[in-house]
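Student: What follows is the residue order along each chain.
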Amino acid sequence: MNLLSSTLAEPQSFSPWEKLLLVALIVASAGLFWRRFGPILKRILNSKKDPNFRLSPVAKRVWDFFWEVLCQAKVIRERPLPGLAHAFVFWGFCAFALVTLNHLATGFGVGFLYPQGLIGRFYFYLAAAFAIACAAGILGLFVRRFFVRPRWLGEKVSYESGFIALLIFLLMVTYLASFAVTDSSPAARILWWAHTLSLLVFLPIIPHTKHLHLVLSPATIFLSRGGFSKIPPLVGDEDFGLVTGTDLTQLVSLQAYSCVECGRCSEHCPATNTGKELNPKEIILGLRGYLNEFGPSSQETLIGKFNSMTADFQCTTCGSCEYQCPVGIEHLPIIIGLRRGAVNTGTWEDDHGAKLFLALERGSNALGMGALERDKFVQKQAFPIFDGTQEYCLWLGCMGGYDPKGREIIADFARVMNYLGTSYGVLRKEKCTGDPVRRLGNDLLFQQLAESNLEALAQNKVKRIVSICPHCVRTIQEDWKEFGTPPEIEHHSEFLARFADKLPKQTTNGKPSEKIAYHDPCYLGRYRNVYEEPRAVAGLAGEVVEAPRSHERSFCCGAGGGLVFLGEETGDRVSHTRAKELVATGASTIGTACPFCNTMFRDALSATGQPAPQLLDIAQLTARGLPDANAAIGRTAPGGSTRE
Amino acid sequence: MSGVYVVLEDRGGRISRISWEAVAAANILAAQSGTKANAIVIGAQTEALAKEAATKGVAKVVRIEHPLLAQYTPDGFTAALEQFIRAESPNYIVFPHSYQVRDYAPALAARLGRVLIGDVTAIGGLTAASNGPIFTRQLMQGRLSGNYKSAGTGPAFISVQSGAFRADAPETSAAETTTFTPTIDATQIRTKPGEPFRGAAQTVDLGSAQLIVAVGRGIKEADNLPLVQDLATAIGAEIAASRPICDNGWLPIERQVGSSGQTVAPKLYLAVGISGAIQHLVGMKGAQCIVAINKDAEAPIFEVADYGIVGDLFEVVPALTEAVKATKQ
Amino acid sequence: MKIIVAIKQVPERDAQVRIDSSGKWIEETDLQYAMNESDAYALEEALQLKEKHGAEVVVLSAGPERAGTTIREALAKGADRAIHVEADSLHQHDALGAAQLLAAAVKPESPDLILTGLQSDDLGYGQTGVIMAELLGLPHASLILHVEKTDTGLTVKRELEEGWFQNIDLPLPALLMIQSGGTKLRYATLMGIKKAKTKEFRKIAATDLGHPNEPTAVLEKITLPQKQKSTQIISGSPKEAAATLVEKLKFEVRVI
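Chains as they are written, first to last, in my numbering: chain W, 1 to 644; chain G, 1 to 329; chain U, 1 to 256.
For reference, chain W alone in the conformation it holds in the complex:
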């Protein structure tokens, strides 16, 4: 049999009984599909409308659709081999669209693609190529799920996945086998019916399983909120976040039903990886469970049977989950929404959390320190006070203003700015940007802080801010938008990178002085897409080496989401886990770009007990290369030991 000369065999005629049977099966299949899918669609549509949702700019949505759905970019990028296998299955489905239609049409004698004709032949050959890839893909995925058994797919063996894999495989095999038989043979008829049955059994199963994503995820991706960790504003006097089913919006419900249970989110979650209760996949599936049992009009609290408050408050908001999700689920607004529901109603009772909120109710910073302390620091360093004439307002932040290590970073950055001749000033008074309370869901406090700060900045005529803290940068640039127009702000790595050619390069005998393992902060990397600038800056001080998980896969230091203020954690410490990974690179210095990462690693490194690598912010790395480096405090040469 010459493959190239064989064509697709189609039974030429069907008896009236067969046609009747076909109609009945199609009706039954579609009916069963709708019986299950209809209510799901209804639940999604009956959910609260998303306030502030805009379809425009459509161009971005179309691009995301093209890139993430059609090109399967995220699916492949995050897990290349299985991702590619899945892509083949998906492309196979796409290619088969016309095949399937024609197949059914043939049953009624109105097939429109002629296997002998040029177009039909070409198309069927094309589909055959995809069928082979698809069959190979589904076989590979089957083996992976049932024999390799990666951790992230869960402990339980999923029989439904196996069955569906079988159906898909059957669909492809019956199609390919049809090239090997003739139109009139009984085999052709058998293959035809096998293919049809596989199809019509598959259809109603879709809404019963996670394969619902076939139908929903293209819509989910197209209809995303836009942006990353986009927290919707509260609307009206009765809106406190996600409290009951009535607070679940259409987007949230759509996302809950789109979950494929692939476990990519859990795989990268710092909480899940350190033995905590929180598992992002379970949060989403929990919402699905809630919707199935209670529906979107229920007054039952979301936290309860299907969601754990403990888990909700173990999230560092690092964003690995949302970043990775191939079907467009936005975990962060959901988790923060659940937190809001608990905090805004006072249901969350946590000693450390209350302490943080009370400190910001009564004072100006998250650490509960007296404002006088910041004043003393500013006076001691003789920083110029911002008066509207300088180019930049240097924002100290809570860490930069009160934490000894944060202060060193500020002092060194100021030194670099002086060297570069940049004019800057610091504000006489600063209030916390509100990042921790924002991520913990305290909208009352956040609004107070944002409005107060915006007013002060406007009064002081601040136009441009530079900050050493990615949390401040994010909160000021994005979250404050809800209450006004914040000034421009950039992170000090972006500032320094612009002047990289003016800053001294530190070498020993013409070679880089040392190896520096750079850690991507969550709020700079995933949140802001700033990866190369800090590396360019660190590269001036030594050779930058990468941790196994870097760039958008960087593993959180554990401080974010307000967690650094919440006291002791259960399980392994996130900071220790990441610190070990950075130390294992063999670098003599760990480079950071966030004062929280810095403080977390400082703790973690001093707990190892052994001589640990140095820990320096990129500002400190830069400053040590300046001509007057010896005048600086706390200076240690490359390869020196830590101060602890």
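Incorrect hints may have been included.
[Said to hold, decoys possible] Computed cross-link-like contacts, EDC-like style, restricted to lysine to aspartate or glutamate with a CA-CA straight-line distance of at most 16 Å: (1) K149/G x E220/U; (2) K149/U x E56/U; (3) K195/U x D351/W; (4) K505/W x D628/W; (5) K184/U x D351/W; (6) K248/U x D296/G; (7) K221/U x E27/U; (8) K429/W x D14/U; (9) K355/W x E44/U.
Worth flagging that the hints you see were computed from the coordinates, not collected in a lab.
Given the coordinates of chain W, work out where chains G and U should sit on it, guided by the hints.
Tutor: This is chains G and U only, laid out in the frame that chain W set:
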């Protein structure tokens, strides 16, 4: 209207130490008219108290005695003193600024149409040029000082801060003693006080400890802890620790001070071998007085400390323990 | 049960304060204000009694217009209604004058229990509650850490010096001055603030409450304290340094 009176407070049958400081302050006022202050002791049985007071540099001792004054109650003490003051019309009544005084002296003054100038840290303006004494007290939690004067007619009520005035040396000759019996009815006493008791001894409550000695990684090994424990015992302080010490299991987690442990606000926080990382600082920055002992002059703890010793804790701490013991004898 | 909680809005703790041009008060521009700390504990104690026994909690405060923010915070945390005695320059009254104002506002309410904080973070007299009790003829107790309702009135836990405590029984109506730290404070919530919008907020001009006495304890002048808070590094050999430190702890800090 004449005379300076000072109300002495007793605890467990003996006059409290702070009362003698009040005597010293009262004598400063009395010196204006070339006299000494008169002491008042209050209670149900005041003979022993009066005897103790008589040799402490006072002109006279008044025993205000009544069975209903056996236990302190604001109603009892206010009624008794009110009657005495109306009878004697003194210029000044001086109190130690103790918890007990804060509980009744304001009511007593109000009953006489006056106001207590409380928690005084200095008495000035005693020259002829100045128009009456100036009483200094702290405002804004010690950030500012206020100068107060007593106006109008009637006795001036003053209470003095613990440690602001140094008690005089006792004299040898005993002052005369008189007795004053107030008229008090049992129905006037509206509150019923119970017996004093200690907080639960088993559980560590650092949050209410007034004196804390905290130890950090500078101690190097668990075997060295007794060094610091001796100091704590000598001072009468609770022991606390920074996180690494508790992580290592050298001290129980209840003794951890810091962001993931306890927050404390004692009168004295003595940090031994603690560098002062922010996670620790946020737990103890509320202390009124912070003393740091660390061998690293650059340690961040020195930035928040009121007093610091840059030195080897293995030498400084034993020396400190000895010095504290010596001063308490 | 009707509980009145008297609170005061004071300058934020730990912020820099400057003396104003008259030398008799502080410069108020640029200051952040917050609820007095021990008053927050008094409010918390009242709210816990309300949750346990059912009560109406009325928050009372005397102060200028800006005090309204702090009063609303108390409403947001759970108080049922508020009375704002509008008075500027409260600091010109002595403790008796302030207590007279508040007592005049309290009298028509006939509460079962009045709670105040132990002392204010600004003037720090610590007397207002005691004097109010005297003016209203109520039994009182101060430095209270815990309040229990009993059949005959209240049993309260009072703090004594040096780690001792005492229980006191007293009848209602009564006044208590609450010490900080006896319980855990609750944070203000968005839901609380929204609910507070509809709660009764009554304003009374201080002048309508009669004239307090002229001050007899007169604040004549405000100065910077002699010693600024800066780190004193004690030098010398370990023995010398130890001796110096003990001296300072005994006489300057007065803790030994």
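Student: Next step is simple, just say for each hint if it's right about the structure.
Tutor: Going down the list of hints, with the structure as the test:
1. Straight-line distance between C-alpha atoms of K149/G and E220/U comes to about 7 Å, which keeps the hinted pair within the 16 Å bound.
2. Note on K149/U and E56/U: the hinted pairing holds, with a Cα-Cα distance of about 15 Å set against a maximum of 16 Å.
3. Between K195/U and D351/W the alpha-carbon distance is near 24 Å, which puts this suggested pair outside the 16 Å criterion.
4. For the suggested pair K505/W and D628/W, the alpha carbons sit about 14 Å apart, so the restraint of at most 16 Å is met.
5. Under the criterion of a C-alpha separation no larger than 16 Å, the hint pairing K184/U with D351/W is consistent with the structure, at around 8 Å.
6. Restraint check for K248/U and D296/G: the C-alpha separation of about 22 Å exceeds 16 Å, so the hint is violated.
7. Restraint check for K221/U and E27/U: the C-alpha separation of about 14 Å stays at or below 16 Å, so the hint holds.
8. The straight-line distance between the Cα atoms of K429/W and D14/U is roughly 13 Å, inside the 16 Å bound, and the hint therefore holds.
9. Of the supplied pair hints, the one linking K355/W and E44/U holds, its CA atoms being roughly 14 Å apart against a limit of 16 Å.
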